[in-house]
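Colleague: Fit chain B to the given chain A structure using the hints.
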Amino acid sequence: MTGPTGLGLAGHARPPEQVMRLSRLGAQLPCRLGFARQLTRRMARRGWRIACADWALDAAGAGHAVYSIDTGARRYAVVAVTTAGSGPGPAAGAILVDGLPGPADIARLADALRGSPAPRLTARELCLVQLAGAAPVWERLIDTLAAGQQPDAAWHADAGGVLLRATAVHAAGRCGTADHGVLAHRPELHAPFQAELLTLYLARVFARDLADHLARARGGDGAARLDPGAAGRLGIGTTIGADMAPFLVAHPCLCNNWVMAREEAIARVSALPAVTDAQWQRVAGLAARLGAGAGAALAADLPRLGDRMAAGPRGPRPWVRLLSWADTALSAEGQEALASLMLEPYGALVDGLGHCMSDALDSGFRIDGAVPVARMRELIEGVFGPAPARSPEAEAAADGRAETPAAVARDAGLARRAMAGWPGEAPVAAFLLRHPEHRRAIRRAQIAGFAPYSEIRDDLGAEAGEAALHALVRAILAFLGATDVVPQPGGAVRGRLFAGAPYPETLATGTADLWPLSDTRP
Amino acid sequence: MTGDRALSEVEALARRAARGAGLPWGLADEAGRAVRGLALAEVDGCALLARLLAETAPRPHQTLAPARLDRGAWQAADGPLCPIRTGASLSDMARMLPAEGIALRQVLVPALILPFVGDMAGLQDGPVTLSWQGGIIGIGPEGLPRTAGIVKLVEVDETDLFLHPGGPALPAAPAAARARPSAAAWAALEALAARAGP
Numbered sequence: 004m005t006g007p008t009g010l011g012l013a014g015h016a017r018p019p020e021q022v023m024r025l026s027r028l029g030a031q032l033p034c035r036l037g038f039a040r041q042l043t044r045r046m047a048r049r050g051w052r053i054a055c056a057d058w059a060l061d062a063a064g065a066g067h068a069v070y071s072i073d074t075g076a077r078r079y080a081v082v083a084v085t086t087a088g089s090g091p092g093p094a095a096g097a098i099l100v101d102g103l104p105g106p107a108d109i110a111r112l113a114d115a116l117r118g119s120p121a122p123r124l125t126a127r128e129l130c131l132v133q134l135a136g137a138a139p140v141w142e143r144l145i146d147t148l149a150a151g152q153q154p155d156a157a158w159h160a161d162a163g164g165v166l167l168r169a170t171a172v173h174a175a176g177r178c179g180t181a182d183h184g185v186l187a188h189r190p191e192l193h194a195p196f197q198a199e200l201l202t203l204y205l206a207r208v209f210a211r212d213l214a215d216h217l218a219r220a221r222g223g224d225g226a227a228r229l230d231p232g233a234a235g236r237l238g239i240g241t242t243i244g245a246d247m248a249p250f251l252v253a254h255p256c257l258c259n260n261w262v263m264a265r266e267e268a269i270a271r272v273s274a275l276p277a278v279t280d281a282q283w284q285r286v287a288g289l290a291a292r293l294g295a296g297a298g299a300a301l302a303a304d305l306p307r308l309g310d311r312m313a314a315g316p317r318g319p320r321p322w323v324r325l326l327s328w329a330d331t332a333l334s335a336e337g338q339e340a341l342a343s344l345m346l347e348p349y350g351a352l353v354d355g356l357g358h359c360m361s362d363a364l365d366s367g368f369r370i371d372g373a374v375p376v377a378r379m380r381e382l383i384e385g386v387f388g389p390a391p392a393r394s395p396e397a398e399a400a401a402d403g404r405a406e407t408p409a410a411v412a413r414d415a416g417l418a419r420r421a422m423a424g425w426p427g428e429a430p431v432a433a434f435l436l437r438h439p440e441h442r443r444a445i446r447r448a449q450i451a452g453f454a455p456y457s458e459i460r461d462d463l464g465a466e467a468g469e470a471a472l473h474a475l476v477r478a479i480l481a482f483l484g485a486t487d488v489v490p491q492p493g494g495a496v497r498g499r500l501f502a503g504a505p506y507p508e509t510l511a512t513g514t515a516d517l518w519p520l521s522d523t524r525p
Numbered sequence: 406m407t408g409d410r411a412l413s414e415v416e417a418l419a420r421r422a423a424r425g426a427g428l429p430w431g432l433a434d435e436a437g438r439a440v441r442g443l444a445l446a447e448v449d450g451c452a453l454l455a456r457l458l459a460e461t462a463p464r465p466h467q468t469l470a471p472a473r474l475d476r477g478a479w480q481a482a483d484g485p486l487c488p489i490r491t492g493a494s495l496s497d498m499a500r501m502l503p504a505e506g507i508a509l510r511q512v513l514v515p516a517l518i519l520p521f522v523g524d525m526a527g528l529q530d531g532p533v534t535l536s537w538q539g540g541i542i543g544i545g546p547e548g549l550p551r552t553a554g555i556v557k558l559v560e561v562d563e564t565d566l567f568l569h570p571g572g573p574a575l576p577a578a579p580a581a582a583r584a585r586p587s588a589a590a591w592a593a594l595e596a597l598a599a600r601a602g603p
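Chains as they are written, first to last, in our numbering: chain A, 4 to 525; chain B, 406 to 603.
Excised from the complex, chain A in its bound form (with noise of 0.2 Å):
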């Protein structure tokens, strides 16, 4: 199989028709290839320089500040500014600029954030995040920080392990900022996501020195720094709301793209056929830490999992012959966490394939129109089965809204029962001229040809709204590296992003990869 980048499945790759599952893509563990992890990791080896160029708040924390990136191959900054926001605790808004911001871009940014709820940004400003935090919390740290000491475990609780939560991200076109194709040529930031990551990198940075300058105004020459490690431990808050749900739905090739480049690293590491035992015991290790912050059917696997793995690494392919016990052993969440988890001694075998995870195709795709009917018949046949198996009560439940598993599902169903009528010989555009209405059920099925892992089967049932709104929410996450996901009403999932990621002051290689797997649960 080749995938639109070219990327071939090694032997061992697990079928679409096992991963492409609502209930398994929103069980996954972020692994070593999330975008987040992919960021540290380049700033890290590629010596990215990143200072406080500007600092510029009053005792109160009214002002901004600005913090200058160099890439080696660019500049760029973030301006961060407080806001009013809408509640009793600090807002704060965050823009990625390309380039250096002069003092009237800081002047026009800080009138943009604080003058609409929805600003208007230029194509010089690649993202936005809002921002904001609790009061009761950072009334209590900056007392603490001010009266010179650190804060305790109760406030670490209290604060959920994050300073401010971003409660907004805009970037790609939206709010006028520059369009994703200006970072096609540009690799430091070609990966997916990696303009909303960065200023969410430095929102956390910020939110820190504001902490420490507030803290300072309160206290004077007595008041402390929040410690290092304190600081290390609290991550950046992120909500994705349930408009981003069908993002996945919405774009095949890089959903493809995301999950080929996963099962690829999964298929590498179980194609070795020797492991040493410092490698089976690492595994061993980081999934025992799991156990705290697992859901009940994780932690119900994880004894299961330690007890097996406790007899160190047997056969000729040690982790193929673990994954096809857990296969049977464990659970969805199980399986995904030991696959996750499974990668990690490995990173020099599978960190490349996280150059293969952006899209080159979704808006580039045309439909060939050349292909018969017949075969058409075969690609929607070889996603969704011979027939579809939904009831007309189901189809009906997912009318409305087209871009959500179920509705594609429903879509290829009926532009195959449409197509029952014509000779297999046809070209389809000849069908699509009669039938425009199933264009993009058509479209879908053409890229399913060379991307299998485009669809996502919906297996949660058509009553499942809000299930499965959760699981197209957290696959998101889990591929941006996010941790201590908790879904919430409606669809949405919060997360936090970058917990136990080092600052710029102590951003290296040998801290900038594992983060993702220190203890920071608050």
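The hints are simulated quantities; they were obtained by calculation from the structure and are not laboratory data.
Fair warning: this is a prediction, and the values are worked out from it, not measured in the lab.
Don't be surprised by glycine CBs; every beta carbon is placed ideally from N, CA and C.
If you want the footprint, here are the derived chain B segments under chain A, 3+ residues with CB under 8 Å:
#1 408 to 415
#2 424 to 435
#3 495 to 506
Negatives, chain A to chain B, calculated, CB over 12 Å:
#4 Thr-170
#5 Gly-424
#6 Gly-452
Modeller: For chain B alone, kept in the frame of chain A given last:
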């Protein structure tokens, strides 16, 4: 609101406006992509699409699409051709079109077909020549050129077009980073987009 827009904003609004005007989603996607393609060449595709949708919205699809694709001349059963529907078929058929070219009868707002001709050139990996009574444009696989011919075609409300593979192509113009839709066109598309539904 005037001023510049991100290309993705223009594409998203054009897609929803086309959907709101009654096109199925798959064709609405094509309309959005075409408007974005025109913006890359500094043509206000929003204004063109607003003109087209005002004309075509009340008419059923089948009267606006080519009646058949297996002839040297494509025409609607009765009346003019819609450039989005015709352009989508051109793109679908790009690998099968006759070497001697193809005539398109009575194309409404014909400049909207330019991005699809660009697709044909890309899929055939060679230039395509587009001509009408009043102008001729050579379009290469790398993108639309910036030429007086396009400026003239933008002014045309309805015309016959002729396309054939080959001919000299002008070099593609550097892509514009932003779109500058007219305020009136933007407002017209927003009104249509409000009817698009989920």
